[in-house]
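Please build the complex by placing chain B on the supplied structure of chain A, with the hints as guidance.
These protein sequence lines map, in sequence, to chains A and B.
UniProt numbering puts the first sequence at residues 1 to 334.
UniProt numbering puts the second sequence at residues 1 to 358.
Only true hints are included.
Each computed SDA-like pair below joins lysine to any residue, with the alpha-carbon atoms no more than 25 angstroms apart: (1) Lys259/A / Gly184/B; (2) Lys304/B / Glu161/A; (3) Lys304/B / Pro115/A; (4) Lys304/B / Ala152/A; (5) Lys259/A / Arg222/B; (6) Lys259/A / Thr210/B; (7) Lys304/B / Leu150/A; (8) Lys304/B / His160/A; (9) Lys304/B / Pro159/A; (10) Lys304/B / Gly164/A; (11) Lys304/B / Ser112/A; (12) Lys304/B / Leu83/B; (13) Lys304/B / Asp108/A.
For the record, the hints were derived by calculation from the structure and aren't laboratory data.
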Amino acid sequence: MTALSGTSNLTVTSKDVGLRLHDLSVTYRSPGRPLVRAVAGVSLAVAPGQVVGLVGESGCGKSTLGKAAVGLLKPAGGRVTFNGRAVDTLGLRPRPSDQRGLQMVFQDPYASLNPRRRIGEQISDAVVLAGGTRERGRETARELLERVGLAAEFVDRFPHEFSGGQRQRIAIARVLAAEPSCIVADEPIAALDASAQASVANLLLDLARERNVGLLFISHDLSIVRQIADTVAVMYLGTVVESGPTAQVWDDPRHPYSKALISAVPRADGSGELPVDLPGDVPDPAFPPTGCRFHPRCPIATDACEVDEPALVEFLPERRAACSVLAPALTKVG
Amino acid sequence: MTPKVTEMNENPASTPDTSTREKSTPGAEPVLAIRDLVVELPGPDGSPLRAIDGVDLTVGRGEIVGLAGESGSGKTMTALALLGLLPQGGTAAGQMLVEGDDVLKMTPRQVRDLRGNRVAMVFQDPMTSLHPMLSVGKQLTEHLRHHKKLDKRAANARAVELLATVRIPDPERALGRYPHQFSGGMRQRIAIAIALACDPALLLADEPTTALDVTVQAGILRLLDRLRRENGLSVLIITHDLGVMSALADRVSVMYAGRIVESGPRADVLREPRHPYTRGLLDALPHPDGGNAALVPIVGSPPKLGQAPSGCAFHPRCPHAVAGCAEERPNLLALTPTHAGACPIDPLAVTASKVGTP
Chain A
1 MTALSGTSNL TVTSKDVGLR LHDLSVTYRS PGRPLVRAVA GVSLAVAPGQ VVGLVGESGC
61 GKSTLGKAAV GLLKPAGGRV TFNGRAVDTL GLRPRPSDQR GLQMVFQDPY ASLNPRRRIG
121 EQISDAVVLA GGTRERGRET ARELLERVGL AAEFVDRFPH EFSGGQRQRI AIARVLAAEP
181 SCIVADEPIA ALDASAQASV ANLLLDLARE RNVGLLFISH DLSIVRQIAD TVAVMYLGTV
241 VESGPTAQVW DDPRHPYSKA LISAVPRADG SGELPVDLPG DVPDPAFPPT GCRFHPRCPI
301 ATDACEVDEP ALVEFLPERR AACSVLAPAL TKVG
Chain B
1 MTPKVTEMNE NPASTPDTST REKSTPGAEP VLAIRDLVVE LPGPDGSPLR AIDGVDLTVG
61 RGEIVGLAGE SGSGKTMTAL ALLGLLPQGG TAAGQMLVEG DDVLKMTPRQ VRDLRGNRVA
121 MVFQDPMTSL HPMLSVGKQL TEHLRHHKKL DKRAANARAV ELLATVRIPD PERALGRYPH
181 QFSGGMRQRI AIAIALACDP ALLLADEPTT ALDVTVQAGI LRLLDRLRRE NGLSVLIITH
241 DLGVMSALAD RVSVMYAGRI VESGPRADVL REPRHPYTRG LLDALPHPDG GNAALVPIVG
301 SPPKLGQAPS GCAFHPRCPH AVAGCAEERP NLLALTPTHA GACPIDPLAV TASKVGTP
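Isolated chain A, as found in the complex (with noise of 0.2 angstroms):
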């Protein structure tokens, strides 16, 4: 992060550069069945150089708000624009060059390299596509290789010859190569060894550092997102709950799912704890409850929130939390 945009100001940065979500919402059909909001109207703003953290629990809707938000799936409400300009639904058409700046790192790093091309030919695809030969392609790819921590004779190697972390290495250099200004990355570290998590988790904190990426971190890990995320939002059932600086809302959680999430991590500090269990389970998105979606499990809930769908109100700068019942202290605290 640099100087100049602060930690976490959304506010101050021009409204149009990087990714913005606009009440953002994206459904589902399928046949004999109701239709799915699986995003429910989303607002949220990235950065250049901002690391901002989207925690949930699965279901919730966070990596199909990852897909619209590059434009592999079609918003179905709401818009996605990119420093200015509205995001396209990819179809048969290339992408046009002003959006190559927006990327996607995958979680399955066994699933999105193609297992028989060379590693150096996949990441230098990005410079051709870009109107660059082969052969500058290749260097970019053994300059690239070197930056996420791998060598650069590698790029005559496939990627069967690599382990996860180092995979998730190669698909982050690819996704260098086309000179990105903002990654979208779901759940980059989900499928590696605890040491591995750390060092992806690492070398993706310090690009956005170090090249002025704004980062999209989409994670059920709120551990992970709270070490790297500058700004952190919480969605249940298609919805954002709360969100604000990472720090506050840690310390400080506002909404009572946050809340359950967050005392459910286990602590690593040997004290014996049991974390505290969120009883019942995240309900069908095709029957989302009526009212606030989070009230059949919600400890404070009463019978208006059964009715009335609480709004994002900003409490204190920057904050911002969705609860009718906690809305009127909210306000007083700010």
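Okay, now just chain B, sitting in the frame of chain A:
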């Protein structure tokens, strides 16, 4: 660095080999006592490769013991050896005593009787460990009818009781439903109910919460803890997640390249790790209360099967390694009466110098 004797949990396995045969008071004899286990698997050219190289491990009655380590360290292979489920061509030597009976001396038929009856296992992914085409009731009662010879009605009654124990809502109806109709957490609860069906002396739980969300994981950890407290269940939990370990296990053993490099009470191992590998695993974790300190990964990756480096297998990745580490293999030595580590480097010196970045 004084050993915290007061903090230690019960240490039920002090002298296990004196009473392997005669039935002494329950609780004195460990449910599981593994001694000098060696497992070899056939390599690509047919020559045996050593996957586990001299492992000792005990689990006392009502005790939860954690086995930690990176993937490929031999954690799962230890459990598979105990169930007689080694990959084809794999051999196990040493002693594996379940309530005093050596599994490695049993006939295949005896091992089959042991499996699912006295020793049960819960796997990582409940989607693949449950049969998708059989109802939950069928999968639960099959077990009871085979091992306990219960008739259909008694088996069904017991199945409902088991589902209630693991907190499945509406257990009678759940019997007629299929795995895909349950969420991941509920499926893992069902897998635990199946494992508990025959009242096993020992439950092996291999990464039981790794595939689950944190809130659901918390529920499963609480369930295992309650089963231990209320039913006296003994559990060997295998996980790479030291947070899970810290929440649940009484004692922790850390494995690296087929050997145990550190073991002791949870609080000792996680708060005052003596082996550089344990320390490295802890430093690689984001510390919930540790501020924004950078994550410190362990350099390199664990050795492949059969390619363990000479001397201490961890020496190529160890920030404290000295010349001698490549030559002499350190043994697991007692540092306190209950805490053991396999590193000759002065523990106090290790503590003083912060494990540095590569």
